[in-house]
Amino acid sequence: MLLIKCPFCGPRPELEFSYGGQAHIARPKDPASLDDEAWAEYLYIRSNSKGLHAERWRHIHGCARFFNVQRNTVSDAIVSTYKIGEEPPKPVEPGLEERSSRSGAAL
Amino acid sequence: MRYRLPAGGRIDRDKPMSFHFDGKKYSGFAGDTLASALIANGVHLVGRSFKYHRPRGIMSAGADEPNALVGVGNEESRYTPNLRATQVELYDGLVAESQNRWPSLSLDFSGANDLFSRFLPAGFYYKTFMWPASAWKKLYEPMIRRAAGLGRAPDAADADRYTQVYGHCDVLVVGAGPAGLAAALAAARSGVRVFVCDEQDQMGGSLLSEREATIDGQAAADWLEQTIQELKSRTNVVLLPRTTAFGWYPHNFLGLCERVTDHLGPAITKQPRERMWQVRAREVVLATGAIERPMVFPGNDRPGIMMAEAARTYANRYGALPGTRAVVFTACDGAYRAALELKSAGIEITAIADVRSNPNGRWIERARAAGIDVRPSTVVTGTYGRLHISHVDVARISGGSAGHPETFACDLLLMLAGFTPSVHLFSQSRGKLVYDEDLKAYLPGESVERERSVGGCRGVFDLSTSLADGFAGGLSAAKAAGGTVAAEHKFSVFAQSLGRDGFVGAPPSGGGSRRTRAWVDFQNDVTAKDIELATREGFRSIEHVKRYTTTGMATDQGKTSNMNALGIVSQTLALPVSKVGLTTFRPPYTPTTFGAFAGQSRGELFDPVRKTSIHEWARENGAVFEDVSLWKRAHYFPRPGEDIHAAVRRECKATRESVGIFDASTLGKIEVVGKDAAEFMNRMYTNAWTKLEPGRLRYGVMLREDGFIMDDGVVGRMSPDRFHVTTTTGGATRVLALMEDYLQTEWSDLDVWLTSTTEQWAVIAVQGPNARKVLEPLVQGIDISQQAMPHMSVQEGRICGVPTRLFRVSFTGELGFEVNVPMGYGRGVWEAICAAGREFGITPYGTETMHVLRAEKGYIIVGQETDGTVTPDDVGLAWAIGKTKKDFVGKRSLARPAMSRSDRKQLVGLLTVDPKIVLEEGAQVVADPSEPVPMTMIGHVTSSYWSAALDRSIALALVQGGRARIGSRLSVPMPSGPVTVEVVQPIFYDPEGKRLDG
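Chains H and W, in that order, are what the protein sequence lines are.
FYI, the numbering for the first sequence is 1 to 107, going by our numbering.
FYI, the numbering for the second sequence is 1001 to 1998, going by our numbering.
If you are wondering where the hints come from, they were derived from the structure by calculation, not from laboratory data.
Nothing here was measured: the structure is a model prediction, and the numbers come from that model.
Hints may be right or wrong, so weigh each one.
BS3-like mimics (lysine-lysine), calculated; alpha carbons at most 25 Å apart, straight line [to be verified]:
1. Lys1611(W) x Lys1691(W)
2. Lys1490(W) x Lys1479(W)
3. Lys1885(W) x Lys1675(W)
4. Lys1773(W) x Lys1994(W)
5. Lys1579(W) x Lys1653(W)
6. Lys1432(W) x Lys50(H)
7. Lys1857(W) x Lys29(H)
8. Lys5(H) x Lys90(H)
9. Lys1479(W) x Lys5(H)
10. Lys83(H) x Lys5(H)
11. Lys1994(W) x Lys29(H)
12. Lys50(H) x Lys83(H)
13. Lys29(H) x Lys1891(W)
14. Lys50(H) x Lys5(H)
15. Lys1479(W) x Lys1691(W)
16. Lys1653(W) x Lys1916(W)
17. Lys1883(W) x Lys1691(W)
18. Lys29(H) x Lys1885(W)
19. Lys1883(W) x Lys29(H)
20. Lys1490(W) x Lys1691(W)
21. Lys1653(W) x Lys1432(W)
Label pairs and their computed distance ranges (CB to CB) [said to hold, decoys possible]:
22. His24(H) x Arg1734(W): 21 to 31 Å
23. Cys63(H) x Gly1781(W): 52 to 62 Å
24. Met1(H) x Gly1781(W): 51 to 61 Å
25. Leu34(H) x Glu1831(W): 54 to 64 Å
26. Gly85(H) x Arg1734(W): 19 to 29 Å
27. Gly1538(W) x Pro89(H): 34 to 44 Å
28. Asp1990(W) x Tyr19(H): 12 to 22 Å
For every residue, glycine included, the Cβ atom is placed at its ideal position computed from N, Cα and C.
Okay, chain H solo, but in the shape it has when bound:
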């Protein structure tokens, strides 16, 4: 069970949260101006990254706020959590993405 640091409440166990999918996918300001392909891209296409992944979580059984998490999808290590609207912090662990992509093969 992940230990997730809610930016509003502090570290809490995963079962207090709900997952919200990939972060930083803004709803287009004017959907009607998008062609079908661009709209489908917004709707369905996600990065499915192996390694560092920015994703949304909601502290549903706590403050009920959405926030963003940078998680390594290989190790499940949480690199940072930050509020909606904030820029994602630079990863603090150097070489994180490189290392995770190497050690992922056996999983």
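Here the structure of chain H is known, so what remains is to put chain W in place on it, guided by the hints.
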């Protein structure tokens, strides 16, 4: 007793205990395991093997035991199958039985499998039981399950109680052998909060069987006692014996299962049987030790063949002798120590066969000095004895093959190929394992979680180095957890090194491996030649070899077999072991009961139950309930002698003809408030809300961003900045979540608050031509006349003196009201309405009648007429889309070409040509029933009922291009033959809607 030493060990000879095994009475002592007690009684045959039904004996003394699986418990409700006898603590009156044998252990008819074993090679099931496919389920699988198997599941409910607890600590030490205890000491002295768990009843690990070694000038046993006293005396330490760390989950979250009362027997106690600890540890020290590795040689599975270290444990710890005359087969020094100590306990050591060409060092010298016949470059080539070993063939190897064997009589064969570090938890933590060529073992490499391994589980086997390693690990963990690092401690240890030799795979044996069988995986009955066959057939990855041969796939997860299997694949393919790979370890380390995982979540506590304030009234009035998400809803109210059909017909008739009353409190309710509430509603729903006047209601449709219907419900505008939103019963949570999502992450500039009010309002639907007459005398300050309160309006006032939001709304097609009152007043108001309605024969109805009445009107139910691929237009709700709105959630998706194709499935009504036939919901609709199977399916029935009002069956369906088919005939194929249906408009009753106004 011939096999019990007169003194010594950790058993309490003042506390004799009697027990039964397979119906026969035996005795043992407090401190025994079932295995040690059986050995002390001379009993070795304890089970039959999984596939060949070979007689099997006790092989190990711990969690790694593959053979001695027993069922324990004399009451069905407390019976537990598949327990390792080596881990079952003896108590007075214990009843155990062997498994997988019939009619008895010594005479087992399925033992014939053994004679036909050459016809049961690896992959046998896959190759043989292919044809006919239909026979698998009815014939082959039940047959295989009967013949090959483990224990039986008890058929009575578990009488015991299980609990769960969360634990938080700075340092969790897993394993309380010398390394773990040293780590615990170091961490404890550093002032951090320490948990120490160990799977055995006593802490100490290998120290519990130690006779010779001394630590800091004390006998190992005394040091152990003193160390445990020190740990117990510290308030920052929690000691958890009988507690298995079975699983590692992300972020240092470990599952521990504590066996609280198993060792007490069925004594009356208030304690739970097991306690599941879910521990979050800042730092973890793994001190899980190492497991003995068997030698792979022909006939190595007979009762009386045992791991050398296990035999030493039985003698030293339990005072139980596993035999009188032993031959030893080994590749490392550990077996010499065992042989010497067993010899001094009175067992004759006939010979030590050592695979190594030149074994040397102190242990070998001591064995020779003790007069033991040590034979280098020697292997065991065969064994004899049907139910117990009687003889063993021993031969010298030269030039890679075994020579002419010499036969020794014996009743005990000890084997030890080396020690395999227990890296299970480390591997579960996703740490990378690295192969150590020198030690011939996989060892923990780089950590992923905040943990470190110490002692035997990372290949540090000697007592002195292990203690030092453990202490250093404890200090480093305490430091990382923020403790004040305690002083270093140098252990002064007297103990002879066991060296680092070992053997992996199968040594050469006489006769060629194709004709003889050498077991690798004892629990799943996999032999060396099965693994060789798999590689010959082209399986090269160890993951494939594992699945094809089933090696390592038994409940022991290959604790004793994985490394030898790897070694054999490596030998056969001439690849280094590290290139063959290693299978992944997964939780649980040892089998863990469902009870521990379920904890208190049984019976009424299995799932939360939501009840409305009218629930008890419904129960008292005979309602039959159904589950709708977590809610209990009244399904129907049968009168004496009525079945569901009769009750629903009566409820429908009463509502259509006079008045019915229905508890709609489970509807989701969300209060949407704020300056921008109308704008928010415009964006979330397809409808236009700006022009909806306060005091009016509107049916709202909500889409997902992909354009498909997500939810619907009636929305009331209470004031310019306040909406009373209702949702479906099951959709309440996800609707609020979706609204919050957009509000928090996309439109945080909107001035809107969302509050779930589902449990604040009881909702009483009063429906039928007499509904107004019933309510009129009860309301205060509200004019509910047709002129003042038309269909789809809402008024605030009082009913029976209670504040209400009174909705004029209908989900039945009749004149209707929905009375919202604060939940606590629900029952009181309900009963008042029932009293006022008595003169009109007011009839309570349940969800089934509600469904029939709405289907007669063609009102959809989200989740029944929709399935996540249905657009508003598909179900005839295009009118609910605000055409002039620039944007709302899902609008852009509706403009995609696929969303307006004419062959989309559309909602239609179906009338069976034979009006008595009620279609089955979910049945497929076809155009041509004479088409061969599989027919072209063009739709499916979504709702189907008997309509009392129409005195015939009705159905709704989603059918490709359905609206264009209205007036034509289709077919619904059923097992009894196709049912012809006419496609009609999806509205069966009062299509003009005249009855809405009474």
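A quick look at each hint next to the structure:
1. Lys1611(W) x Lys1691(W): Roughly 37 Å separates the two Cα atoms, so the pair is violated.
2. Lys1490(W) x Lys1479(W): holds, 18 Å
3. Lys1885(W) x Lys1675(W): holds, 19 Å
4. Lys1773(W) x Lys1994(W): holds, 18 Å
5. Lys1579(W) x Lys1653(W): Violated - the C-alpha atoms of Lys1653(W) and Lys1579(W) are around 76 Å apart, more than 25 Å.
6. Lys1432(W) x Lys50(H): holds, 17 Å
7. Lys1857(W) x Lys29(H): violated, 39 Å
8. Lys5(H) x Lys90(H): holds, 17 Å
9. Lys1479(W) x Lys5(H): holds, 23 Å
10. Lys83(H) x Lys5(H): holds, 11 Å
11. Lys1994(W) x Lys29(H): violated, 44 Å
12. Lys50(H) x Lys83(H): Judged against 25 Å, a Cα distance of about 23 Å means the pair holds.
13. Lys29(H) x Lys1891(W): holds, 13 Å
14. Lys50(H) x Lys5(H): holds, 22 Å
15. Lys1479(W) x Lys1691(W): violated, 66 Å
16. Lys1653(W) x Lys1916(W): holds, 18 Å
17. Lys1883(W) x Lys1691(W): holds, 14 Å
18. Lys29(H) x Lys1885(W): holds, 14 Å
19. Lys1883(W) x Lys29(H): holds, 19 Å
20. Lys1490(W) x Lys1691(W): violated, 84 Å
21. Lys1653(W) x Lys1432(W): violated, 70 Å
22. His24(H) x Arg1734(W): 21 to 31 Å: For His24(H) and Arg1734(W) the Cβ distance comes to about 23 Å; the hint holds.
23. Cys63(H) x Gly1781(W): 52 to 62 Å: violated, 39 Å
24. Met1(H) x Gly1781(W): 51 to 61 Å: holds, 53 Å
25. Leu34(H) x Glu1831(W): 54 to 64 Å: holds, 56 Å
26. Gly85(H) x Arg1734(W): 19 to 29 Å: Once the Cβ atoms are compared, 24 Å apart, the range 19 to 29 Å for Arg1734(W) and Gly85(H) holds.
27. Gly1538(W) x Pro89(H): 34 to 44 Å: Violated, since Gly1538(W) and Pro89(H) (Cβ atoms, about 50 Å apart) do not stay within the stated range.
28. Asp1990(W) x Tyr19(H): 12 to 22 Å: violated, 46 Å
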